[in-house]
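Using the sequences and the hints given, assemble the complete structure.
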Amino acid sequence: MKKFNLFVCLAIFTMILAACGGNDETNSDASEMVDSDETAELEFEPEDIDPDSDVCEICAMAIADDQHATQIILKNDRSLKFDDLGCMYEWIEENGEDDIGAKFVRDFNTEEWVLLEDATYVFAEDIDTPMAYGIISFEDETDAESYIEENDHGEILTVDDLGDHKWEMMDHDHDHDHDHHDHDDHADGFHTDGFHTDGFDMHIIEPENVTVSEENTLEVHITLDEADLEDANVRYEIWQESDRDNTEWIDAGEVAAGNYVADYAFEEVGTYYIQIHVEDDEDLHEHVEYEVKVKE
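Residue numbers (the working numbering): 1 to 296.
What the hints contain is simulated information worked out from the structure, not anything from laboratory work.
Heads up, some of the hints might be wrong.
[To be verified] In silico lysine to any residue, SDA-like type, Cα no more than 25 angstroms apart, as pairs:
1) Lys295 - Asp243
2) Lys293 - Ala227
3) Lys75 - Gly270
4) Lys75 - Val55
5) Lys295 - Glu241
6) Lys295 - Asp245
7) Lys295 - Asp263
8) Lys293 - Tyr273
9) Lys295 - Glu267
10) Lys293 - His203
11) Lys293 - Pro207
12) Lys75 - Asp160
13) Lys295 - Glu215
14) Lys295 - Trp239
15) Lys293 - Asp263
16) Lys295 - Ile205
17) Lys293 - Val210
18) Lys293 - Tyr264
19) Lys295 - Gly270
20) Lys293 - Asn259
21) Lys166 - Asp152
22) Lys166 - Asp99
23) Lys293 - Ile205
24) Lys295 - Ile250
25) Lys293 - Thr247
26) Lys75 - Ile100
27) Lys295 - Gln240
28) Lys166 - Glu125
29) Lys293 - Asn246
30) Lys166 - Asp118
31) Lys293 - Thr211
32) Lys75 - Ile58
33) Lys166 - Asp98
34) Lys75 - Glu97
35) Lys166 - Val114
36) Lys75 - Phe44
37) Lys166 - Ile92
38) Lys295 - Asn209
A quick note: this is a predicted structure, and the numbers were derived from the prediction, not measured.
This is how it looks when you write it as C-alpha coordinates:
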(Lines of atoms letter the chains of each structure in order from A; the text may use other names.)
(Lines give C-alpha, C1' and ligand atoms only; values in the text may rest on other atoms or scores of the structure.)
Protein backbone atom coordinates (compact mmCIF):
# COMPACT_ATOMS: atom_id res chain seq x y z
CA MET A 1 0.00 0.00 0.00
CA LYS A 2 2.80 2.44 0.83
CA LYS A 3 4.49 1.63 -2.47
CA PHE A 4 1.21 2.40 -4.27
CA ASN A 5 0.85 5.72 -2.46
CA LEU A 6 4.41 6.62 -3.44
CA PHE A 7 3.64 6.03 -7.10
CA VAL A 8 0.44 8.07 -6.85
CA CYS A 9 2.31 10.97 -5.23
CA LEU A 10 5.02 10.88 -7.89
CA ALA A 11 2.41 10.88 -10.64
CA ILE A 12 0.56 13.85 -9.14
CA PHE A 13 3.83 15.77 -8.68
CA THR A 14 4.77 15.13 -12.31
CA MET A 15 1.37 16.40 -13.49
CA ILE A 16 1.79 19.59 -11.41
CA LEU A 17 5.21 20.24 -12.95
CA ALA A 18 3.83 19.69 -16.43
CA ALA A 19 0.99 22.10 -15.77
CA CYS A 20 3.39 24.77 -14.51
CA GLY A 21 5.58 24.28 -17.57
CA GLY A 22 2.53 24.64 -19.81
CA ASN A 23 1.64 27.92 -18.10
CA ASP A 24 5.17 29.17 -18.67
CA GLU A 25 4.86 28.33 -22.38
CA THR A 26 1.46 30.05 -22.49
CA ASN A 27 2.87 33.12 -20.76
CA SER A 28 5.84 33.06 -23.11
CA ASP A 29 3.54 32.90 -26.13
CA ALA A 30 1.45 35.79 -24.76
CA SER A 31 4.61 37.81 -24.17
CA GLU A 32 5.76 37.15 -27.73
CA MET A 33 2.35 38.29 -29.00
CA VAL A 34 2.66 41.56 -27.07
CA ASP A 35 6.18 42.07 -28.36
CA SER A 36 4.95 41.33 -31.88
CA ASP A 37 2.17 43.92 -31.54
CA GLU A 38 4.62 46.55 -30.29
CA THR A 39 6.95 45.78 -33.19
CA ALA A 40 4.07 46.09 -35.68
CA GLU A 41 3.46 49.67 -34.51
CA LEU A 42 7.05 50.52 -35.44
CA GLU A 43 7.01 48.65 -38.75
CA PHE A 44 6.78 51.89 -40.74
CA GLU A 45 9.12 54.73 -39.81
CA PRO A 46 8.91 58.31 -41.16
CA GLU A 47 11.81 59.72 -43.13
CA ASP A 48 13.58 63.00 -42.43
CA ILE A 49 12.49 66.03 -44.45
CA ASP A 50 15.07 67.47 -46.85
CA PRO A 51 13.86 71.01 -47.70
CA ASP A 52 16.39 71.22 -50.54
CA SER A 53 14.93 68.28 -52.49
CA ASP A 54 11.58 67.18 -51.03
CA VAL A 55 8.47 68.48 -52.76
CA CYS A 56 4.83 67.91 -51.90
CA GLU A 57 3.18 64.98 -53.71
CA ILE A 58 0.12 67.10 -54.42
CA CYS A 59 1.10 70.72 -54.96
CA ALA A 60 4.81 70.13 -55.80
CA MET A 61 5.88 72.96 -53.50
CA ALA A 62 9.11 72.63 -51.53
CA ILE A 63 8.50 71.09 -48.10
CA ALA A 64 9.85 73.03 -45.13
CA ASP A 65 11.26 70.97 -42.27
CA ASP A 66 8.70 72.39 -39.85
CA GLN A 67 5.60 71.56 -37.81
CA HIS A 68 3.35 71.50 -40.88
CA ALA A 69 5.11 68.67 -42.75
CA THR A 70 3.17 65.41 -43.01
CA GLN A 71 4.07 62.03 -44.41
CA ILE A 72 2.58 58.75 -45.62
CA ILE A 73 4.62 55.55 -45.64
CA LEU A 74 3.23 53.07 -48.15
CA LYS A 75 3.25 49.33 -47.51
CA ASN A 76 6.13 49.04 -49.99
CA ASP A 77 8.11 51.44 -47.69
CA ARG A 78 7.94 54.34 -50.14
CA SER A 79 7.59 57.72 -48.42
CA LEU A 80 5.12 60.32 -49.68
CA LYS A 81 5.68 63.77 -48.21
CA PHE A 82 3.35 66.75 -48.02
CA ASP A 83 3.79 70.39 -47.01
CA ASP A 84 0.31 70.64 -45.47
CA LEU A 85 -2.11 68.20 -43.83
CA GLY A 86 -4.73 69.22 -46.38
CA CYS A 87 -2.51 68.01 -49.22
CA MET A 88 -2.15 64.62 -47.49
CA TYR A 89 -5.93 64.29 -47.30
CA GLU A 90 -6.29 65.31 -50.93
CA TRP A 91 -3.90 62.48 -51.85
CA ILE A 92 -5.91 60.03 -49.72
CA GLU A 93 -9.15 61.15 -51.37
CA GLU A 94 -7.65 60.54 -54.81
CA ASN A 95 -5.83 57.27 -54.06
CA GLY A 96 -7.56 55.60 -51.12
CA GLU A 97 -5.88 53.95 -48.13
CA ASP A 98 -5.35 50.35 -49.28
CA ASP A 99 -1.62 50.87 -49.93
CA ILE A 100 -0.93 52.98 -46.82
CA GLY A 101 1.21 51.50 -44.05
CA ALA A 102 1.24 54.51 -41.72
CA LYS A 103 0.40 58.23 -41.66
CA PHE A 104 2.46 60.76 -39.71
CA VAL A 105 2.01 64.39 -38.67
CA ARG A 106 4.26 66.75 -36.70
CA ASP A 107 3.63 67.99 -33.17
CA PHE A 108 3.17 71.75 -33.53
CA ASN A 109 5.39 72.54 -30.53
CA THR A 110 8.20 69.96 -30.72
CA GLU A 111 8.09 69.14 -34.47
CA GLU A 112 8.40 65.45 -33.53
CA TRP A 113 6.67 62.89 -35.76
CA VAL A 114 3.38 61.53 -34.37
CA LEU A 115 1.10 58.85 -35.81
CA LEU A 116 -1.87 60.65 -37.33
CA GLU A 117 -4.28 58.51 -35.29
CA ASP A 118 -2.58 59.51 -32.03
CA ALA A 119 -2.69 63.28 -32.51
CA THR A 120 -5.23 65.98 -31.64
CA TYR A 121 -5.94 68.76 -34.13
CA VAL A 122 -6.87 72.44 -34.04
CA PHE A 123 -8.69 74.14 -36.90
CA ALA A 124 -9.21 77.87 -37.45
CA GLU A 125 -9.42 80.11 -40.50
CA ASP A 126 -6.80 82.35 -38.89
CA ILE A 127 -4.19 79.58 -38.58
CA ASP A 128 -1.55 80.03 -41.26
CA THR A 129 -0.40 76.76 -42.86
CA PRO A 130 1.59 76.38 -46.12
CA MET A 131 -1.46 75.68 -48.29
CA ALA A 132 -3.91 77.54 -46.03
CA TYR A 133 -5.96 74.57 -44.88
CA GLY A 134 -5.75 75.96 -41.34
CA ILE A 135 -5.22 72.74 -39.35
CA ILE A 136 -2.30 72.01 -37.00
CA SER A 137 -1.53 68.91 -34.93
CA PHE A 138 -0.52 68.19 -31.35
CA GLU A 139 0.65 65.00 -29.70
CA ASP A 140 -1.15 65.92 -26.45
CA GLU A 141 -4.73 67.16 -26.30
CA THR A 142 -3.82 69.52 -23.44
CA ASP A 143 -1.34 71.30 -25.72
CA ALA A 144 -4.07 71.73 -28.33
CA GLU A 145 -6.38 73.22 -25.71
CA SER A 146 -3.62 75.54 -24.50
CA TYR A 147 -3.02 76.77 -28.06
CA ILE A 148 -6.71 77.68 -28.42
CA GLU A 149 -6.73 79.47 -25.07
CA GLU A 150 -3.53 81.42 -25.75
CA ASN A 151 -4.47 82.47 -29.29
CA ASP A 152 -8.19 82.95 -28.74
CA HIS A 153 -9.17 81.02 -31.85
CA GLY A 154 -9.60 77.45 -33.04
CA GLU A 155 -11.65 74.35 -32.38
CA ILE A 156 -10.54 70.85 -31.41
CA LEU A 157 -10.75 68.13 -34.06
CA THR A 158 -10.17 64.42 -33.56
CA VAL A 159 -8.76 62.10 -36.21
CA ASP A 160 -12.34 60.97 -36.92
CA ASP A 161 -13.33 64.60 -37.47
CA LEU A 162 -10.63 64.92 -40.13
CA GLY A 163 -12.38 62.31 -42.24
CA ASP A 164 -15.56 64.39 -42.28
CA HIS A 165 -13.83 67.77 -42.55
CA LYS A 166 -14.45 69.94 -45.59
CA TRP A 167 -10.93 70.41 -46.89
CA GLU A 168 -10.68 73.82 -48.48
CA MET A 169 -8.06 76.55 -48.46
CA MET A 170 -8.96 79.46 -46.22
CA ASP A 171 -6.68 82.10 -47.73
CA HIS A 172 -7.07 83.05 -51.38
CA ASP A 173 -3.51 84.40 -51.38
CA HIS A 174 -2.38 80.75 -51.24
CA ASP A 175 -4.27 79.92 -54.41
CA HIS A 176 -2.80 76.90 -56.17
CA ASP A 177 -4.69 74.76 -58.64
CA HIS A 178 -4.07 71.05 -58.19
CA ASP A 179 -5.64 70.29 -61.52
CA HIS A 180 -3.95 70.86 -64.84
CA HIS A 181 -3.71 74.56 -65.58
CA ASP A 182 -6.18 75.94 -68.06
CA HIS A 183 -4.68 78.20 -70.66
CA ASP A 184 -5.29 79.91 -73.96
CA ASP A 185 -3.17 78.43 -76.72
CA HIS A 186 -1.11 80.72 -78.93
CA ALA A 187 0.98 79.97 -81.95
CA ASP A 188 4.17 80.25 -79.96
CA GLY A 189 3.01 79.07 -76.54
CA PHE A 190 0.91 80.28 -73.62
CA HIS A 191 1.05 82.41 -70.52
CA THR A 192 0.03 81.13 -67.11
CA ASP A 193 -1.34 82.84 -64.03
CA GLY A 194 -2.34 82.16 -60.43
CA PHE A 195 1.17 82.20 -58.98
CA HIS A 196 2.02 82.84 -55.33
CA THR A 197 4.64 85.50 -56.10
CA ASP A 198 3.35 88.89 -57.18
CA GLY A 199 4.65 89.89 -60.60
CA PHE A 200 5.83 86.38 -61.50
CA ASP A 201 4.95 84.96 -64.92
CA MET A 202 5.94 82.12 -67.25
CA HIS A 203 5.52 81.95 -70.99
CA ILE A 204 5.74 78.31 -72.05
CA ILE A 205 6.60 77.34 -75.60
CA GLU A 206 4.98 73.94 -76.15
CA PRO A 207 6.69 71.41 -78.42
CA GLU A 208 4.57 70.57 -81.48
CA ASN A 209 4.15 67.29 -83.40
CA VAL A 210 6.04 65.31 -80.76
CA THR A 211 7.03 61.78 -81.80
CA VAL A 212 8.71 58.86 -80.04
CA SER A 213 12.52 58.99 -79.66
CA GLU A 214 12.76 62.40 -81.32
CA GLU A 215 14.64 64.98 -79.27
CA ASN A 216 12.43 67.92 -78.39
CA THR A 217 13.21 71.35 -77.00
CA LEU A 218 11.41 72.25 -73.78
CA GLU A 219 11.44 76.01 -73.40
CA VAL A 220 10.05 78.60 -71.00
CA HIS A 221 10.51 82.35 -70.66
CA ILE A 222 10.27 83.61 -67.07
CA THR A 223 9.74 87.18 -65.86
CA LEU A 224 9.40 88.90 -62.51
CA ASP A 225 7.81 92.34 -62.43
CA GLU A 226 7.97 92.29 -66.24
CA ALA A 227 11.77 91.89 -66.18
CA ASP A 228 13.63 88.75 -67.25
CA LEU A 229 14.26 86.46 -64.27
CA GLU A 230 17.91 85.50 -64.58
CA ASP A 231 20.03 82.90 -62.74
CA ALA A 232 17.03 80.88 -61.58
CA ASN A 233 17.09 77.15 -60.92
CA VAL A 234 14.65 75.67 -63.45
CA ARG A 235 13.81 71.97 -63.65
CA TYR A 236 11.36 69.97 -65.74
CA GLU A 237 9.56 67.10 -63.99
CA ILE A 238 8.20 64.62 -66.56
CA TRP A 239 5.95 61.58 -66.18
CA GLN A 240 3.51 59.47 -68.18
CA GLU A 241 -0.21 59.84 -67.49
CA SER A 242 -0.45 56.24 -66.23
CA ASP A 243 2.73 56.31 -64.13
CA ARG A 244 2.69 59.35 -61.82
CA ASP A 245 5.03 57.67 -59.32
CA ASN A 246 7.82 57.33 -61.90
CA THR A 247 9.01 60.84 -62.69
CA GLU A 248 12.14 62.06 -64.43
CA TRP A 249 13.84 65.36 -63.60
CA ILE A 250 15.67 67.40 -66.26
CA ASP A 251 17.70 70.53 -65.49
CA ALA A 252 17.17 73.47 -67.83
CA GLY A 253 19.92 75.83 -68.93
CA GLU A 254 19.55 79.59 -69.35
CA VAL A 255 20.27 80.24 -73.03
CA ALA A 256 19.25 83.91 -72.86
CA ALA A 257 18.06 86.31 -70.19
CA GLY A 258 15.05 84.64 -68.55
CA ASN A 259 14.88 81.95 -71.25
CA TYR A 260 15.41 78.36 -70.01
CA VAL A 261 15.76 75.35 -72.29
CA ALA A 262 16.20 71.58 -71.95
CA ASP A 263 16.26 68.80 -74.56
CA TYR A 264 14.26 65.64 -74.01
CA ALA A 265 13.22 62.55 -76.01
CA PHE A 266 9.99 60.73 -75.08
CA GLU A 267 10.45 56.96 -75.14
CA GLU A 268 6.86 55.79 -75.60
CA VAL A 269 3.62 56.82 -77.27
CA GLY A 270 1.06 58.35 -74.93
CA THR A 271 0.15 61.35 -72.83
CA TYR A 272 2.86 62.96 -70.71
CA TYR A 273 2.73 65.70 -68.12
CA ILE A 274 5.50 68.23 -67.68
CA GLN A 275 5.76 70.32 -64.54
CA ILE A 276 8.17 73.25 -64.57
CA HIS A 277 9.71 74.09 -61.20
CA VAL A 278 11.34 77.51 -60.71
CA GLU A 279 13.39 78.50 -57.66
CA ASP A 280 15.86 81.23 -56.80
CA ASP A 281 18.02 82.38 -53.88
CA GLU A 282 15.17 84.54 -52.49
CA ASP A 283 12.91 81.61 -51.49
CA LEU A 284 10.89 81.83 -54.70
CA HIS A 285 9.35 78.49 -55.67
CA GLU A 286 6.76 78.42 -58.43
CA HIS A 287 5.53 75.66 -60.70
CA VAL A 288 3.13 75.04 -63.54
CA GLU A 289 2.05 71.88 -65.32
CA TYR A 290 1.11 71.17 -68.92
CA GLU A 291 0.31 68.19 -71.14
CA VAL A 292 2.12 66.75 -74.16
CA LYS A 293 0.77 64.14 -76.60
CA VAL A 294 3.44 61.83 -78.05
CA LYS A 295 2.73 60.00 -81.32
CA GLU A 296 4.47 57.31 -83.39
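For each hint, the structure was consulted:
Only pairs whose Cα atoms come within 25 angstroms are accepted, and Lys295 paired with Asp243 is accepted, the gap being roughly 18 angstroms. With a C-alpha separation of about 32 angstroms, the suggested pair Lys293 and Ala227 falls outside the 25 angstroms cut-off, and the hint is violated. Annotation: proposed proximity of Lys75 to Gly270 is violated, straight-line Cα distance about 29 angstroms (limit 25 angstroms). A hinted pair counts as satisfied when its Cα atoms are at most 25 angstroms apart, and Lys75 with Val55 qualifies at roughly 21 angstroms.
Between the alpha carbons of Lys295 and Glu241 the distance comes to roughly 14 angstroms, so the proposed pair stays at or under 25 angstroms and holds. For the given pair, Lys295 sits about 22 angstroms from Asp245 by alpha-carbon distance, which is consistent with the 25 angstroms threshold. Between Lys295 and Asp263, the direct Cα distance comes to roughly 18 angstroms. Compliance with the 25 angstroms bound is thereby established for this hinted pair. As the CA atoms of Lys293 and Tyr273 are separated by approximately 9 angstroms, the hinted pair is consistent with the 25 angstroms bound.
With a C-alpha separation of about 10 angstroms, the suggested pair Lys295 and Glu267 falls inside the 25 angstroms cut-off, and the hint holds. Between Lys293 and His203 the alpha-carbon distance is near 19 angstroms, which keeps this suggested pair within the 25 angstroms criterion. Proximity of Lys293 to Pro207 is assessed by CA-CA distance (about 10 angstroms); at most 25 angstroms being required, the pair is judged to hold. Distance check on the hinted pair: Lys75 and Asp160 sit about 22 angstroms apart at the alpha-carbon level, within 25 angstroms; holds.
With a C-alpha separation of about 13 angstroms, the suggested pairing of Lys295 with Glu215 holds against the 25 angstroms cut-off. Taking the CA atoms of Lys295 and Trp239, the gap is near 16 angstroms; set against the 25 angstroms cutoff, the hint holds. Restraint check for Lys293 and Asp263: satisfied, since their Cα atoms lie roughly 16 angstroms apart, inside the 25 angstroms limit. Only pairs whose Cα atoms come within 25 angstroms are accepted, and Lys295 paired with Ile205 is accepted, the gap being roughly 19 angstroms.
About 7 angstroms separates the Cα atoms of Lys293 and Val210, which keeps this hinted pair within 25 angstroms; it holds. Using a Cα cut-off of 25 angstroms, the hinted pair Lys293 and Tyr264 holds, with the two alpha carbons roughly 14 angstroms apart. At most 25 angstroms may separate the alpha-carbon atoms for a hinted pair to count; Lys295 and Gly270 meet this at roughly 7 angstroms. Among the hinted pairs, Lys293 with Asn259 is consistent with the structure: their alpha-carbon atoms are about 23 angstroms apart, no more than 25 angstroms.
Pair hint Lys166 plus Asp152 holds up; C-alpha atoms about 22 angstroms apart against a cutoff of 25 angstroms. At roughly 23 angstroms between alpha-carbon atoms, Lys166 and Asp99 fall within 25 angstroms of each other, so this suggested pair holds. For a cut-off of 25 angstroms, the pair hint linking Lys293 to Ile205 stands: about 14 angstroms separates their Cα positions. Restraint check for Lys295 and Ile250: satisfied, since their Cα atoms lie roughly 21 angstroms apart, inside the 25 angstroms limit.
Distance check on the hinted pair: Lys293 and Thr247 sit about 17 angstroms apart at the alpha-carbon level, within 25 angstroms; holds. A distance of roughly 6 angstroms separates the Cα atoms of Lys75 and Ile100; the hinted pair therefore holds under the 25 angstroms criterion. With a CA separation close to 13 angstroms, the supplied pair Lys295 and Gln240 stays within the 25 angstroms bound. The straight-line distance between the Cα atoms of Lys166 and Glu125 is roughly 12 angstroms, inside the 25 angstroms bound, and the hint therefore holds.
About 18 angstroms separates the Cα atoms of Lys293 and Asn246, which keeps this hinted pair within 25 angstroms; it holds. Simply put, Lys166 and Asp118 have alpha-carbon atoms about 21 angstroms apart, close enough for the 25 angstroms limit, and the pair holds. At roughly 8 angstroms between alpha-carbon atoms, Lys293 and Thr211 fall within 25 angstroms of each other, so this suggested pair holds. Simply put, Lys75 and Ile58 have alpha-carbon atoms about 19 angstroms apart, close enough for the 25 angstroms limit, and the pair holds.
A threshold of 25 angstroms between alpha carbons decides the hint, and for Lys166 with Asp98 the separation of about 22 angstroms falls inside it, so the pair holds. For the suggested pair Lys75 and Glu97, the alpha carbons sit about 10 angstroms apart, so the restraint of at most 25 angstroms is met. Restraint check for Lys166 and Val114: satisfied, since their Cα atoms lie roughly 23 angstroms apart, inside the 25 angstroms limit. Proximity of Lys75 to Phe44 is assessed by CA-CA distance (about 8 angstroms); at most 25 angstroms being required, the pair is judged to hold.
For the suggested pair Lys166 and Ile92, the alpha carbons sit about 14 angstroms apart, so the restraint of at most 25 angstroms is met. With a C-alpha separation of about 8 angstroms, the suggested pair Lys295 and Asn209 falls inside the 25 angstroms cut-off, and the hint holds.
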